[in-house]
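Protein sequences, first through last, are from chains P and F.
Everything in the first sequence is counted per the working numbering, starting at 1 for the first residue and increasing by one.
Everything in the second sequence is counted per the working numbering, starting at 1001 for the first residue and increasing by one.
It is worth saying that the hints were derived from the structure and are not from the lab.
Be aware that a few hints might be false.
Beta-carbon label-pair distances, calculated as ranges [as the list claims (entries may be wrong)]:
1. P:LYS58 to F:THR1227: 54 to 64 Å
2. P:GLU107 to F:THR1258: 23 to 33 Å
3. P:LEU122 to F:ARG1100: 24 to 34 Å
4. F:ASN1151 to P:ARG35: 55 to 65 Å
Partial chain P-side listing against chain F, Cβ under 8 Å, derived [stated by the list, open to error]:
5. THR76
6. LYS78
7. ALA80
8. ARG84
9. ILE88
10. LEU101
11. ALA118
According to the in silico footprint, chain P covers these stretches of chain F (three or more CB under 8 Å from chain P) [to be verified]:
12. 1062-1076
13. 1103-1116
Note that this is a predicted model, so its numbers are computed, not measured.
The C-beta atom is built at its ideal place from N, Cα and C for all residues, glycine as well.
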Amino acid sequence: MRFVGVIAAAVMTVLAPSAHGHHSFAAEFDGNNCRDFTGVLTKLDWQNPHAYFYLDVKDEGGTTQSWSFQTYALITLKRAGTDRQVFIDNIGKEVFVRGCLAKNGREHYAAAGTMRFADGELRQVGQLQN
Amino acid sequence: MRSSRIILTAALTLGVLAAAQHAMAQEAAGQKYTITVMPPGGPAPRLANGRPDLSGHWLPNSAGQGVSGRYGVDPAATRQFDPQATPEEPPSFRPEALERIRSMTPTELELSKSSVNCMPRGVPAIWLQNPYSTMLVHTPTMLVQLYEVLNNFRVIHTDGRALPEYPEPLFHGNSAARWEGDTLVVESVGFDERTYIMPNGWFHSDELRVTERYTRPSMNYLIVEVTVDDPKVLMKPWKSAPRRWTLGDGDIYEFYCTNNRELEELEKLREQELEQQQ
């Protein structure tokens, strides 16, 4: 069992995405308050230092809320193979996002970590989080 | 002097060779990294005057490509130096400087970072705390540095001119360059005091003097070593580890910081912090 654990840890080391934050994710976002979101991509602001995208997400009561998500800097996204066109091609489609909420309590606002567009590929679009 | 240059060159060469050996060892071990440490890539090119040509599109890692947000990256490829092989001493702050740094709240510290407030990083931070690429265009009489971040640039003349007698405070300072063998040594004085040396609150004074040492031990590697001398802030000069930059094959991109919402969000957080303190 322990051997399996070591193998699993080794595989995770190989597969885990690399992240070099140029400033602290933890200063603005709460790494202990992260959620999975599934919603329809509605809009993209492709500007530096970070892109922002918007999702229509249904809350537990069935009401649709517009959430905004911060990403890496555009350069980092592009060097990791996620360009503007990927977002544009997915507007109006359902996407998955793992994101962490803002520490200052701003509603419907989060930092995106991982994201899956309609193509099914899991991408790292923001700093690592739980 | 000559012997110290030889030792430095040997150390840099060994560093690059060690990195390449690591790449070969992991390949032999059958690991599944898709992004690995770049090989040395043959001898460095030379300028018409015989000096090393530092020209290239340089990335702040050992991979020669972007590493953030990517899967299958060898951790060794993400580093600019190995702290085991080339340890870096922490700066020796004067007590009053340390007190000033420690008095900053976490949010104030965050707001001081150029990556958040979109101020130019300045010299030497542009070589110490910059996750984006830098393009160097080198001729026998100048070294042009094109920084991807904030679309900043800097021109360092290598025609033997001296430092100005009365330098004005600039983000990149006022620089004079000379060759010591195959090392380009750049001395700079006169800095705008709004920049930070590192994104940990390490501020500087008007007496900051920076020495950058540039070498290109092989085609794919640029080594930059920085010495910070600032008697009003430091008890003794601080020397960085020799940091590796690797030759990238992709484009340098535009990065004008025009849509920074973090400032607003962090200002709200600081207000909340202050309210809690009262």
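Which of the numbered hints are not met once you compare them with the structure shown?
3, 4, 8, 9, 10, 11
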